[in-house]
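Chains as they are written, first to last, in the numbering used here: chain H, 1 to 486; chain Y, 1001 to 1479.
These are calculated hints, taken from the structure and not from any lab test.
Don't take every hint at face value.
[What the hints assert, rightly or not] DSS-like mimics (lysine-lysine), calculated; alpha carbons at most 30 angstroms apart, straight line:
#1 Y:K1072 / H:K387
#2 Y:K1075 / H:K381
#3 Y:K1072 / H:K235
#4 H:K242 / Y:K1359
#5 H:K346 / Y:K1129
#6 Y:K1265 / Y:K1231
#7 Y:K1231 / H:K381
#8 Y:K1256 / Y:K1359
#9 Y:K1441 / Y:K1458
#10 H:K335 / Y:K1129
#11 H:K381 / Y:K1477
Chain by chain, the residues run as shown.
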Amino acid sequence: MEIQAMTAFEIKKGIEEGKFTSEEIVKMLFERIKEVDPKVEAYITLCEEEAIKSAKIVDEKVKKGEKLGKFAGVPIAIKDNICTDGVKTTCASKILEDFIPPYDATVIKKLKEEDAIIIGKVNMDEFAMGSSTENSAFLKTKNPWDLQRVPGGSSGGSAAVVAAGIAPVSLGSDTGGSIRQPAAFCGVVGLKPTYGVVSRFGLVAFASSLDQIGPFGKTVEDCAMLLEVIAGEDKMDSTSVKEKYDTDYLSVLDGSVKGLKIGVPKEFFGKGLNEEIKASMESVMEKLREMGAEVEETSMPITEEGLSSYYIISSAEASSNLDRYDGIRYGYRAKDYESVDELMEKTRTEGFGKEVKRRIMLGTYALCSGYYDAYYNRAQKLRKEIKREFEETFEKYDLILSPTSPVLPFLSGEKSENPMEMYLADIYTVNINLAGVPAISLPCGFSKDGLPIGLQIIGPHFGEKKILKAAYALEQELKVDTLAIK
Amino acid sequence: MSYETIIGLEIHVELNTKTKIFCNCSTKFGSKPNSNTCPVCLGFPGTLPVINEEVVNLAVKAGKVLGCRINKLNKMDRKNYFYPDLTKAYQISQFDLPICSGGHVDFELDGVKKSVQLNRIHIEEDPAKLIHLEDEPFSLIDYNRAGVPLAEIVTEPDMHSPEEAVAFLKTLKSLLEYAEVSDCRMDQGSLRCDANISLRPVGQEALNTRVEIKNINSFKEIQKALEKEQKRQSELYTYGEGHKIKQETRRWDSGKGRTIPMRSKEDADDYRYFPDPDLVPIVVSDSQIERIETTIPELPPQKKKRFLEQFKLTEKEVEILVADKALSHFYEEVVDLGGDPKTTANWILSDVLRVLKEKEIESSDMTLKPEMLCKLIKLIVEGKISITAGKEVFNEMFETGKDPEDIVKDKGLSQISSSDVLEKIVDEVLAANPKSIEDYKSGKLQAAGFLMGQVMKKSKGQANPGIAKELVEAKLKEF
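Let's have the full structure, built from the sequences with the hints guiding it.
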C-alpha cells in the first residue's frame, strides 16, 4: 500500500506485525512530503532527522520484543501552536518566528511516551485566529482538493497534510471551529473534545476558556485512537477535568446507530447555508433513519446569538493572553527604540499581523472598565444560556447533527479583506466551544465541483464515545474518499 | 480651621511558602539572580498556572488571625498592564471576590486603645524585581521574585496620624510574624507598605482627595513620609490652595526626604480585570478552616498576658519583648534553661538590643545562642566574674560565638572571691597607703572608697567587689 493512503491504524498494525519498519514508513513519508508539500505548503518546520532517530528506537523495541506504545512508530504532524521541546513553535507569527520552547506540551509528552513519531509542525492562522489559514506570517497553505482554494482554519495545515497524504494523522486546536471547519474544507475527520478532556499545557493560548486540542485523521478510527493517547487529567492544567471518564474510545466503534435519538436544530439550517451542503445534509439524515436512528427537527434559538458572544469572549481572553509578547524575554524584538515603552510598542506593531491586532483591539475594548458590563459580562451571561440550552437539548437527544460550515471551501483571497464574512464561516461551530461540549466533523460527500462537504455531530459533555460511535457508523455507510492527492 | 488626617494602608506581605504561588520554583530570598525560575513563572507561551494550596492555607490563617470573614468561594482575576517586571503582562490577583473580607487590628497608642478595621485580604503573585543601574542606559530584571505569593491587606481609612499608622503596622507585623504567615522582613521586602492620606476639616463627614504614597520600606520612613505629606496637604489647605491636591500616586524619596509625583489618576492604567480562565474558583471548606485554626500559635496579646503573670516583668519590658517574636522566643529559651527571668530580661533589653542596633542585625538573624547567654548570667550570679567583666564577655561572645567560660579563661576575667587571696591583696594595699588609713580614722570616710579602688587596681579588676569591700571596711575598723 502506498504511504499516502495508509491510516495510522494500519501503520501501527504493520509495524507491530513486522510487515514494515517505522523507519521505512518515516522515510517514505518524507519522500512524499518533498514531492507534495511544495504544492500544498503546509509544513512550517520538518523534523526529519529526529523523526528517523525516533523511528529507529521504535524498530529496535520491535526487534527486541519490548512493549510498544499505543502509537508506536506512527508519524504525526503537529499544529505550530503546540509546544515541542527543542523544535521551533511559531504560532505562524513573526513575533514567535524563532521561538524554541524548552518544554513539551502535555499532549506531546504523551505522544512521545506512546512512541509516536513527530514529523513536523504545520501551518495555521496566526495565533489560531482565522478561518482560512491565510493569516499565517509564513505560508499560504492550499486546499489539497483544489489548490486555488483555502484549507479552512485555523488548523488549515493540520487538515491539509492529512488530505494530501503527507501525514496520516495530525493534531490541531479548536477555539471556535478551528479543527472542524478545516476538516470539513479538506474532507477529513476532525474532533474537538469536551473542554477539559485534553490538557492545554503547552498549547499557546488564544482563548483559554475555549481552546481545546484535538485529532485529525482520514478515519474515525484514527481519531479515536489518537484521542485515547492525548486525553486525560493533567496536574499542570487546572482546567483539565478530574472526574473519571473512560478513554477506551476504540471499543465503541461497532457500526451501529440503532436507537440513537438525533436532534437537528433548525437554526443551523438558516439563511446563508449553501444549497449543496443543505442537500447533502438532508440525504445524510435520510441515511441515518434508514440505519435505525431517530432523526428529528428541533430548535435551539439562543445559538443564533453565539457568534457575538464568541467573538467578545475569545477576543477578550486573547487580548490578555497575547500581551506577554512584548519583546522582553523571548521572540521577536524591534530594532530601534528609545525607551522600554517604545520597545514593547514597536515589537508588537511589527510582530503581529492584521487579524491578531484586530482581535486584541476588540478584546481590549470589551474589557475596558466602562464597557465591561455591556460587552464581556453580557457575553458571559449569553454563554451560560447557550450552555444551558445544549444541556436541555441533550436531555431529549443523544446527539445533535448540523452542517460543519455554511459554505464550501472558498477561493484564496476571496474573504480575506472582509472579516465579518470570514467570521460567519464559524457560525455553526462556535456555540459548541461556548458550551464546552465535544463535536466531530465528518466528510459526507462532495459538491458538484468536487469540493468536500462536512457534517458536524455534537455530543453532551464527555459524550466523545457517542459521537465516535455514530460517526464511525456513518463513515462505514457513506464511504467518502478522504485522500485528495493520490 | 483645624484639619483631621485620614490614613489608610495597603500592606503587601510575602507568604511563608517554600515554593511560588503557581509553580514549583523556590521562594528563597537572596538566590543568584534568575536562578529560581521556570517556564511557568517566566510566563512562557503555553504554560499554565496551578495554585499552590499552601498559599490559600496561609491566607486563611492570616484572615483568622486578623478576625476576617473567610470567603469560602473566591477566585483569581487577571490585572492587565504592560511592564517588564510582569512576565505575562498581567498579574494574577483577586478583584471582586477576595479570599478574606473585613477584620480588624487592635492596639494601644500612648495608653489609648485603638482598632483599625480591615477592608480585605487578597492573594496575588509578586512581579519580578527591576534593578536600575545608576549610570547605564539599561535596567536588569531578576525574575526570582516573579510568582512569590503575596497577601495584600487593605485597611479602611481608619488612622488619624502617622504615629497611629506606625503603631498599627507594628502590631500587624507582629501578629503575622507570630502566626508564621510571613517573615515580614521589611529589609528584604517581604513586608511593603503603600499609604493613602487625605486631610479634612474637623467635623466634615466626606473624605477629601487622597494621595497615595508608594515605596516606603521601614517604620521610620513611613512616619517621615506621612508627616511630610500631611504637612504638604495641610499647608495647601491652610493657604486656600486645597484644590491643588490631586488624586495621584507619589513616590517617597527617602534620600531627599520628600514625596515626588509619580502619576495622576488620569494616567492610571485601566487594568481590564477579568476572571482568569486558566484557574478554577477557589473553594475553602469548613474542615480546612478548622484545621488551619489549630495551627495558629500563641499570639502577642496572649503572650503579653502570660509573660506578665509568669515572669513578673513590667508592662514596658513585656511590651518590648513580645513585639519582637524572635526576641521573645530567645528570652523564653534562656529562662527555660535556668536564667533568672528578671536578670535575663535586663540583659536582653539592654545589651542584646544595643548590639543588634549597633550592628544593624535583625533579631531573627542573631547567631547568639540562648545557652550562651544563660551561662553568662550564671557566671555573674555565682560571682565567678564581675558585672563589668560580664559586659566584656557578652560583647566577645556576640562577636565570635565563643563559649563564655572559654572567654573568661582566655581573657583572665575570672573574679577573685576567695577571702584568703583577697585578704592578702587588701593587706598589701593598706600597708602601702598609711595616709589613707589616717584620713579614715580622722573621719574622712571616702578614704575607704579610694582604698577599694586600689584593691581593684591591684587585682586587675578581678576582685569580687562585694567581698573586697567587706574586707577593707573590717580591716579599717581594726585600726
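For this session: Starting from the hint list further up, note which numbers the structure goes against and sort them upward.
Result: 4, 7, 11
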